[in-house]
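Heads up: the sequence shown begins at 2 in the numbering used here, then just goes up one per residue.
If you're looking for bench data, these hints aren't it; they were derived computationally from the structure. Treat the hints with care, since some could be wrong.
Claimed, not checked - With a straight-line Cα cutoff of 27 Å, these simulated BS3-like cross-link-like pairs (lysine-lysine) come out:
#1 154 / 225
#2 225 / 203
#3 231 / 197
#4 40 / 72
#5 154 / 91
#6 210 / 225
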Amino acid sequence: MPPPRKVVGLLPLPSRTAADFSIVPFSARPSETKSKTRKFLGYAFFGFAFATLGFAIAVGPVLPNLLKLAKPLTDEESLLAYDPEDEAAKAVEEHINNCDLALEMRRTPRMRESRPHLKLPEPFRRHNLTGGTLQGPGRLTVPPVAWVEEGGKTLVSIMHLGTDVCGHPGIVHGGLLATLLDEGLARCCFEALPNKVAVTAKLEVNYRKPTKSGQYVVLRAETKSVEGRKAWVEGRIETLVPEGETPVVLVEASGLFISPNSTALKLLSHLV
């Protein structure tokens, strides 16, 4: 009879609970961390560099204009900003600067001289009717010269009306004269109003005599009264004559002008 076999049993494994297991966090090696940091800084540098380059390319062409908007010409600078483009313009310029009325205005301390249209930054001026479209040979031959009395009390402006601004042959278009009066009367009262700028609420124009083209004229305006943001102004366009002679009144006008509350329009006070 064969001897009995021995049964060998497997030893039981000790039981373990979830608490016996722990998660060991992965810790990147120092060399890998430095490599990622360098990559991040590299990407950030190139991103900043290309963004700066793109901004410079986009803004570069308009930067000079932005600087002009931030700092428009002063009254004194506007007087030096015009250079006659031909002999005809040069002759007109000399006549205006040396006429009796201009010399009288320059002897009057309370009158401040400027060329208002040239104070407008070029990006605005090229789209401005009287400062851009109507400037040049045959139109407003040279930029008008103006004197404004302190406090917006009175205004005197001298200009030359060319031969290409007619309605009837040889007669300046009445619409141009109304436009010049609208602008001149408004400019007269700027300093008398809170925001130093005004828009037209009402304008009445009376034509007294035909205005011949190719002649020098004077625009005069006077602020009659001011109430808050409202100003009432009267004015006229007359012929430019030597001292001692009586000018011919060509057109008369009166208007109501209001200083705006709009922030955008208030900003214009720095440009006009």
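Structure-based check of all given hints:
1. 154 / 225: Holds, at roughly 8 Å.
2. 225 / 203: 15 Å, holds
3. 231 / 197: Measuring from Cα to Cα gives roughly 12 Å; hence the hint holds.
4. 40 / 72: 44 Å, violated
5. 154 / 91: 31 Å, violated
6. 210 / 225: Since the Cα atoms of residue 210 and residue 225 sit roughly 24 Å apart, the hinted pair holds (cutoff 27 Å).
This entry does not satisfy hints 4 and 5, going by the numbered hints stated previously.
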